[in-house]
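J.: Working from the sequences, and respecting the hints, build out all of it.
Each chain, written out:
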Amino acid sequence: MATEAISVQHLSKVYATRDGGVAALERISFSIDEGEFVAVVGPSGCGKSTLLKILAGLLSSTDGSASLRGTRIQGPRRDIGVVFQAPVLFPWRTVLDNVLLPIDVQGQGRERYLPAARDLLTLVGLRDFERRYPWELSGGMQQRVAITRALIHDPAMLLMDEPFGALDAMTREHMNLELQRIWMEKKKTVFFITHSIPEAVFLADRVLVMTPRPGRVVDDLRIKLPRPRGLDAMTAPEFGEYTRHIRALFNVKGGLDA
Amino acid sequence: MRSPKNIALSVLLFCASVGAWEGLVRLFEVPAFILPPPSQVALALWRGFGSGLYLQHLWHTLLETMLGFIAGSALGLVLGTAVALSRPIEFFLYPYIVMFQSLPKVALAPLIVVWFGLGLTSKVINAALIAFFPLLVNTMVGLRSADEERVSLMRSLAASERQIFWMLRLPNSLPFVMAGLDVAMIFALIGAIVAEFVGAQKGLGMLIQSMNFNMDVSGQFSILLILSVLGLLLNRGVMMIRKRVLFWDPSEKERLDQERLSA
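Those protein sequences? They're chains F and R, same order as listed.
1 is the number of the first residue of the first sequence in this note's numbering; add one for each residue after it.
1 is the number of the first residue of the second sequence in this note's numbering; add one for each residue after it.
Think of the hints as simulated: they come from the structure by calculation, not from any bench.
Here a beta-carbon is modelled for each residue, glycine too, at the ideal position from N, C-alpha and C.
Warning: the hint list may mix true and false statements.
Unchecked claim - Some chain F residues judged to face chain R by a derived CB distance under 10 Å, without partners named:
1) K53
2) G57
3) R78
4) G81
5) V82
6) W92
7) D104
8) L159
9) L225
Said to hold, decoys possible - To be clear about the criterion: a stretch of chain R counts as covered by chain F if any three or more of its residues have a C-beta under 8 Å from a C-beta of chain F, and this derived list gives those stretches:
10) 149-156
11) 166-172
Said to hold, decoys possible - In silico SDA-like links for lysine to any residue, alpha-carbon gap of 20 Å or less:
12) K187(F) with D119(F)
13) K243(R) with R93(F)
14) K187(F) with W92(F)
15) K243(R) with Y133(F)
16) K243(R) with W92(F)
17) K186(F) with D33(F)
18) K243(R) with E136(F)
19) K187(F) with R206(F)
20) K186(F) with G125(F)
21) K105(R) with F197(R)
22) K243(R) with R132(F)
23) K243(R) with I186(R)
24) K243(R) with T94(F)
25) K243(R) with P91(F)
26) K186(F) with L123(F)
27) K187(F) with E34(F)
28) K186(F) with I152(F)
29) K243(R) with W135(F)
T.: Spelled out as structure tokens, the structure:
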């Protein structure tokens, strides 16, 4: 169980600007076990998206190291699935074709993955929509297609960058339940970025709390709520304690006025 | 809008204006070499098609236009792609492209006719030169307008630049390319007619000019009518292709919905 899925050591990122540089991340260290659901919470500008881009291989770090499953990240790799804030679907592809995009890119036979694609679409409740086009779907449905696409090549881990940030509150709660269900079924490692404290506490085994300027991890909180968690878990006293604790961290560090 | 009542009204309006034109020309005895009555235009049309004269020239102009459209579009697509994909090509070529853009390209027609003669070639080249520009610019812009997030997604999947081009940039540029084709089609017709004006042995443009020398104004009117119908049909043709290719484009969908509403 305790093999490391993600290991980050003294990771720093400085963006070059005219007057020197801005430190987006400063000597961040943490590790995530295989199968763990870790949420990163922090206000905008705390470098959490930068962190995800480095893990996805889309951005290089200035200093320190980041490894996935024991190998150093040197660029994009095929054993991860990324979900962005927007669904980022291709409008000229049907739902099924969108889901199969990673397979097309990797040049693997579509036929071999068709059953898997259909199973995943069933899992997210979109089996009857496989021939539809993205513009025929609601925002929540589109994001579910994006999650399906991230899972199709059976990656070891999912990187999610505020995937539900653009959805309305009701849809968002529903998607949180869905994601928990998918995670409990698929047992993937999930690295989940959000700026919503309740969302982080609701979903995660562990919450990393980040504050901005420079981006730092100020707390690493283990959430000991039983699973599966229903929406009523949010009204439990422990839930309130976790969220209060995290909010207090932001107030001390002045992070929320960012 | 398309209720039987409105259609009837529109037909009535058309008949009334043609009738008024006929009546006024007769009433004020306007000479036919200034403004012919519609009946004479219709007669010229009838004779022209009856003798096979118009069809022969129409065919020639259509051929020039289509060949020019195809050649110009292909050239625009290839050059636009090259400029969009390669910084060096853009750096060395783009200034000339901008210069060429600001030039009224019909002014090239006399030179083209001197260089390539009175036959088909000069017309096709002139049509292609005028048609190629909208394709060049639209292809360039279209290929470069791929959404940053979509590019990031492709990169995160470890896609090669080649894959990003074929799977993302190219389909993404299609709405721009189709809009370019729309314009290029009409431009090609203009190019062909202008080159025929300058010097030709066949074609509707040449026919207009020789009718002008003979003060056959009703003949010219009948050709203008043919040209506007031809332009309309060519435009419709491109639009039909566009609808098929861009079924997924939201702006296209909006237009379809509007057409459905007004139907």
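J.: Give a verdict on every hint.
T.: To see whether the hints hold, each was checked on the structure:
no.	hint	result
1	K53	8 Å, holds
2	G57	7 Å, holds
3	R78	6 Å, holds
4	G81	9 Å, holds
5	V82	4 Å, holds
6	W92	5 Å, holds
7	D104	7 Å, holds
8	L159	8 Å, holds
9	L225	31 Å, violated
10	149-156	holds (count 7)
11	166-172	holds (count 3)
12	K187(F) with D119(F)	16 Å, holds
13	K243(R) with R93(F)	16 Å, holds
14	K187(F) with W92(F)	32 Å, violated
15	K243(R) with Y133(F)	16 Å, holds
16	K243(R) with W92(F)	13 Å, holds
17	K186(F) with D33(F)	15 Å, holds
18	K243(R) with E136(F)	17 Å, holds
19	K187(F) with R206(F)	15 Å, holds
20	K186(F) with G125(F)	16 Å, holds
21	K105(R) with F197(R)	14 Å, holds
22	K243(R) with R132(F)	18 Å, holds
23	K243(R) with I186(R)	18 Å, holds
24	K243(R) with T94(F)	17 Å, holds
25	K243(R) with P91(F)	15 Å, holds
26	K186(F) with L123(F)	10 Å, holds
27	K187(F) with E34(F)	9 Å, holds
28	K186(F) with I152(F)	11 Å, holds
29	K243(R) with W135(F)	16 Å, holds
In summary, the numbered hints that this structure violates are 9, 14.
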